[in-house]
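Line by line, the protein sequences give chains A and B. For the first sequence, position 197 (counting from the first letter as 1) is numbered 197 according to my numbering, and the numbering increases by one without interruption. For the second sequence, position 294 (counting from the first letter as 1) is numbered 1294 according to my numbering, and the numbering increases by one without interruption.
Warning: the hint list may mix true and false statements.
[As the list claims (entries may be wrong)] In silico EDC-like pairs for lysine to aspartate or glutamate, Cα to Cα no more than 16 angstroms straight-line:
{"no.": "1", "chain 1": "B", "residue 1": "K1297", "chain 2": "A", "residue 2": "D263"}
{"no.": "2", "chain 1": "A", "residue 1": "K297", "chain 2": "B", "residue 2": "D1258"}
{"no.": "3", "chain 1": "A", "residue 1": "K203", "chain 2": "B", "residue 2": "D1238"}
{"no.": "4", "chain 1": "B", "residue 1": "K1202", "chain 2": "A", "residue 2": "D79"}
{"no.": "5", "chain 1": "B", "residue 1": "K1203", "chain 2": "A", "residue 2": "E254"}
By construction, these hints were calculated from the structure, which means they are not laboratory data.
There are 2 protein chains.
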Amino acid sequence: MTVTPGNHAVGFVGLGIMGKSMARHLMAAGFTVNAYTRTRAKIEDLLSEGAVWKDDPAAVAADSDVVITMVGYPHDVEDVYFGKDGDGGILSTAKAGAVLVDMTTSSPSLAQRIAAAAEAKGLKALDAPVSGGDVGARNGTLAIMVGGDQEAFDHVLPLFEAMGKSIALLGPAGAGQHTKMVNQTVIAGTIMGVAEALVYAKKAGLDCKKVLDVIGGGAAGGFQLNVLGARMVDGDFDPGFFVHHFIKDLGIAETEADGLGLDARALKLAKSQFERLAQEPGGKELGTQGLFTLYDK
Amino acid sequence: MTVTPGNHAVGFVGLGIMGKSMARHLMAAGFTVNAYTRTRAKIEDLLSEGAVWKDDPAAVAADSDVVITMVGYPHDVEDVYFGKDGDGGILSTAKAGAVLVDMTTSSPSLAQRIAAAAEAKGLKALDAPVSGGDVGARNGTLAIMVGGDQEAFDHVLPLFEAMGKSIALLGPAGAGQHTKMVNQTVIAGTIMGVAEALVYAKKAGLDCKKVLDVIGGGAAGGFQLNVLGARMVDGDFDPGFFVHHFIKDLGIAETEADGLGLDARALKLAKSQFERLAQEPGGKELGTQGLFTLYDK
């Protein structure tokens, strides 16, 4: 009962840096991909490789057995599913038995609302945000954190396996988004610690590369220190993950934490620090390791 | 010109959980160890294994070619080097040409003061705090972060190699302590992120072990999440590293950061959060992963 290239067409809405790489993996696995993204010109390459253009999300859904969405903000997700400007959205045209998979990082409550609306129409919805960035998308090594029911998860698993490496169903609708928020909350505290520590090292006159070598293998070690810390030390603040996207994620996490009665002080501090960074010229467009520059003044 | 068991006796002041394991590695490497610690009864085992008891730090220094100190707080370091209660301290009796190595996590400015006092007497001093905890001390796999001059470092390197694995000279006197503060500042932010994230996961009703599995290999992954986060999820708050020791370290780091003109907000928040935890019954004696319990109420 899993999807197969011969029997199932896949719709893909939102083909930015992440989405385009992900869609390519589905095409490489043999699936027909029905594609819509806001600016058609940006995916002419994908269309020339065989993706089929559709004029809006509703048109994608009308011809697809699984619909994947990978857009920007929760309000974009809302528009794409529930419709906007005369376009009825995915839910208005989805085929009977279709599975709708939102891979955008969005809010758990919106994921639950979509799942309920889908169920009311005899459809299934999964929330399946990812971690691993543009590199993970390109290499097909994303972590995919899924919320929803087991049957729908099993059905689309071959698609997840084409795009990712570490794939888990973590609970009912919203659990994927909640897990992504857990991930971002760890990172929020960690990146502040790394930025403050490496600016300390610089101001104390230490050889920062030697410092990274000696502490990177110990209790401070991890991806944020060893990879993003090394970029800080090299003065490389190019985006792997944009500051403005991280602020979006931290806003969702903050709202959810408040709702859960969690006094997430480090998360709130991180959000305010990244908002300060975003107010600097060019700050929004830096990678998250750009937080170093806020302290290094 | 390096130390050898045949030609050099090693003094060791402060034989707690860490120091005792470290001294054992020196003895296993063939060195005579002259030992002093506050409570003799606690090292009877070490004495029966061949360590030589001395009645105070000055007596240790009088008979040793290298003196290692591993005590508690900066004021203990000060007493041990500069003397207290009629004991003149290590600096009053150290042999000509001796190298004094403080492996306590202490303040960079005190390390510089000791180095200057040592130099005035024709001695050399190194600051060489460690990372890796009781397990690293026991296994001889500590990271050792050293400040001081190259010649003294080269001279005592065989001792460091007997006790540790990742060993680096990071700059002049104080650079070892500064590097340790960099390490602790990374951890300060990270452990808050991990604790907030895992309490979020619990309150959101997620399967926390599955969450750790899926996020531990990605951009949130690292020692604090993968090792201490797993202990949080298991409800294991036993000390690997005591809350009250971490508060000491964060206090030193805060003072230094202030002195460097660094607005280390996450570091200050971490210190205040651990101070709140220390006010809870039994909080001081938890391992740092006990921060979870502060949020999980």
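Results for each hint:
no.: 1; hint: B:K1297 x A:D263; verdict: 10 angstroms, holds
no.: 2; hint: A:K297 x B:D1258; verdict: 14 angstroms, holds
no.: 3; hint: A:K203 x B:D1238; verdict: 35 angstroms, violated
no.: 4; hint: B:K1202 x A:D79; verdict: 31 angstroms, violated
no.: 5; hint: B:K1203 x A:E254; verdict: 14 angstroms, holds
Hint compliance for this structure: hints 3, 4 are not met, and every other hint is.
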